[in-house]
Amino acid sequence: MANNIKAQTNSEASPIISLKGVSKWYDDFQALKNIDLEVKLKEKIVICGPSGSGKSTLIRCLNRLEAHQEGEIHITGIELHERMKDIDTVRQDIGMVFQSFNLFPHLTVLENCMAGPNWVRGIDEKEAKERAMALLKQVKIPEQADKYPEQLSGGQQQRVAIARSLCMQPKVMLFDEPTSALDPEMVSEVLDTMVELAKSGMTMICVTHEMGFAKQVADRIIFMDEGEIVEQNSPEEFFNNPQNDRTKAFLDQVLT
Amino acid sequence: MFVDTVVEDKALHKPAFLIGLSVTVLAIFFALNLTNTIFGEFLSPVIGNPEESGFFGRLAVSFVLTILFVGNLLLISFARLKIQILIVWIELFFLFLAFAYSFDLEIAYIFQNDFICSTESARAKLCTPSKIGLMISKGLFTTIYISAVSIAIATVIAIVGAVAKLSNNGFAYAISSFYTSLFRGLPLLLQIYLIYMGLPQLGFMIDAIPSGIAALSLCYGAYMTEIFRAGIQSIPKGQWEASRALGFKFGLILRKIILPQSIPIIVPPTGNQFIAMLKDSSLVSVLGIWELMFLAKKLGAKDFNHLEMLLTAAMIYWLLTIILEMIQARIESKYKQKT
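Each protein sequence line maps, in turn, to chains A and B. Counting from 1, position 71 in the first sequence corresponds to residue 71 in the working numbering; the numbering is continuous, with no gaps. Counting from 1, position 41 in the second sequence corresponds to residue 1041 in the working numbering; the numbering is continuous, with no gaps.
Worth flagging that the hints you see were computed from the coordinates, not collected in a lab. Watch out, some of these pointers could steer you wrong.
[Claimed, not checked] Computed list of lysine-lysine pairs in DSS-like fashion (alpha-carbon distance at most 25 Å, straight line):
#  : chain 1 : residue 1 : chain 2 : residue 2
1  : A       : K215      : A       : K42
2  : B       : K1298     : A       : K85
3  : B       : K1237     : A       : K147
4  : A       : K85       : B       : K1336
5  : A       : K126      : B       : K1249
6  : A       : K85       : B       : K1256
7  : A       : K20       : A       : K33
8  : A       : K171      : B       : K1010
9  : B       : K1165     : A       : K147
10 : A       : K147      : B       : K1334
11 : A       : K85       : B       : K1249
12 : B       : K1256     : A       : K129
13 : B       : K1014     : A       : K147
[Stated by the list, open to error] Negatives, chain B to chain A, calculated, CB over 12 Å:
#  : residue
14 : K1010
15 : L1097
16 : W1240
17 : E1241
18 : A1245
19 : L1246
20 : I1253
21 : I1258
22 : D1303
Beta carbons: idealized from backbone N, C-alpha and C, even for Gly.
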């Protein structure tokens, strides 16, 4: 499967993520309404929309931190469903970065990054450490390796969280509002890291309100409202020529 | 605890409080009427024969005691915090000793030979000849042995029980909640009897020490199940999500992520349980196990010197719990530094 995807990268590649008619309810409230979406390998998707629009729910369904009730989700060629046996194996290939970082506070930065490869992938400690250090260099905080997360600033913590995910060498990275919990002056350091990651060819799906980042990086922007995909388009079209009234209203608020 | 940055004058340094306190203390001493005690004797040069001193003697004794008491408080109030704590500890300890002294004890009795020992000492070389020696070599050893084994088993039960109580498995939840309900619901003494006398009815012959250990572990395992459950639940959901997102399996998350983080939350109440269990191990004396409490009763009963041996046991229990408290404090401070 992986080979297939690689071979078809440039042309009409088969999607690495595909959703068909996905719906989700919290009791009576329908959080996702009949979502159809396909993401190709190396594609960068930005999902935006007002709060409560279901964008976080959607991204959390992609590694089954949340369960969908209707429709189909395929990711890295495997269908996510209730009775699947190998969800942990699938999740190893899907990195996720959270709004609240969720670093392990009792482990050092280095240990945070080594945990996945060492404990889950079974890579020996020495190699896991080398890989972790390499990625900490990539996110530009190798000197913090032996500190504990709470000794770091928010921006640094989020970059560690990104490195921790990358240590698993995922095929897809999911970002769930990665800069929303940060002080304003720390947003750019995290976004810079994400831009570099995008340049390296990672498949990325980002829920974010950072429209500058969306313009710069996204291949496609998806606008969600009330559990639906209202509009999706290339950044130029999306910002310059929004079709839907709800999109226009949202952009008016975000861009002013 | 948050100590506010605004400091008020010490209450003891306000005249109104000082006078109010003195009057109250004087009234209490007067009501207690300590004229016919050792204090009256001390003051006999002033008040004459205490028994004939009447109102004046009673007032004089109360007055002197009040001066001593309030003056002591006032002096201590000027010391630094650590010194204050130390002095008050020592004074309270001496009051306790005075309380024990008032029983008119025969301290030497504790160090006398005991016939239980002297008859057996020829065969059992381990035996020490004095009563206190027997208390320590046999009683203290058995108490520590029973408590330590029970604590270890109870901890394992608690982890399993807590996980079962948090699981979605109906059987696991039902069994663990029934278990905690039953063993928290019955008096420990009753559990000890039930296990010791009940299991043989089912055909399991069980010795006194194993049944004592079983009762203690099951009872404290039930309490600690609740502590561990609360500890696990106190870890934010995001820790589970982050671990899951990395592909961790349940056991790994619990072992490497959740339990290490809940230790600082679990340790203080668990320390309490350990201390309580150490003392409740005295209840297994009803099974005739030669632990501290049993020996204290047995050794004292022979010559009707109950209090000597009971107080000896009390001091040993107290010392043990102080050691446990110190271990607990060390563990707490260790985990405080880390997170």
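Q. Does the alpha-carbon distance linking B/K1256 and A/K129 stay inside the 25 Å limit?
A. holds (18 Å)
Q. Is A/K171 close enough to B/K1010, meaning Cα to Cα at most 25 Å?
A. violated (66 Å)
(Q) Quick check for students: does the CB of B/K1010 sit more than 12 Å from each CB in chain A? (A) holds (37 Å)
Q) Within 25 Å, alpha carbon to alpha carbon, are A/K126 and B/K1249? A) holds (23 Å)
Q | Given as non-interface: B/I1253, partner chain A, CB spacing beyond 12 Å | A | violated (10 Å)
Q. Does A/K215 pair with A/K42 here, judged by a C-alpha cut-off of 25 Å?
A. Between A/K215 and A/K42 the Cα gap is close to 17 Å, so the pair holds against 25 Å.
**Q.** Proposed proximity, B/K1256 with A/K85 (alpha carbon, max 25 Å)
**A.** Given that 25 Å is the threshold and the Cα spacing comes to 22 Å, the pair holds.
**Q.** Assertion that B/E1241 lies farther than 12 Å from chain A (Cβ)
**A.** At about 6 Å from chain A, B/E1241 fails to clear the 12 Å cut-off, so the statement is violated.
Q) Within 25 Å, alpha carbon to alpha carbon, are A/K20 and A/K33? A) Since the Cα atoms of A/K20 and A/K33 sit roughly 11 Å apart, the hinted pair holds (cutoff 25 Å).
Q: Confirm or reject the statement that B/A1245 sits farther than 12 Å, beta carbon to beta carbon, from all of chain A.
A: Given a closest Cβ separation of 4 Å, the condition is violated.
Q) Is the hinted pair A/K85 and B/K1336 satisfied, with a Cα-Cα distance of at most 25 Å? A) Violated. A/K85 to B/K1336 sits at ~39 Å, over the 25 Å cutoff.
Q. Far enough from chain A: is every CB of that chain over 12 Å from the CB of B/L1097?
A. Since the minimum Cβ distance to chain A is about 45 Å, B/L1097 lies beyond 12 Å and the statement holds.
Hint check: violations occur at hints 2, 4, 8, 9, 13, 16, 17, 18, 19, 20, 21; the rest are consistent with the structure.
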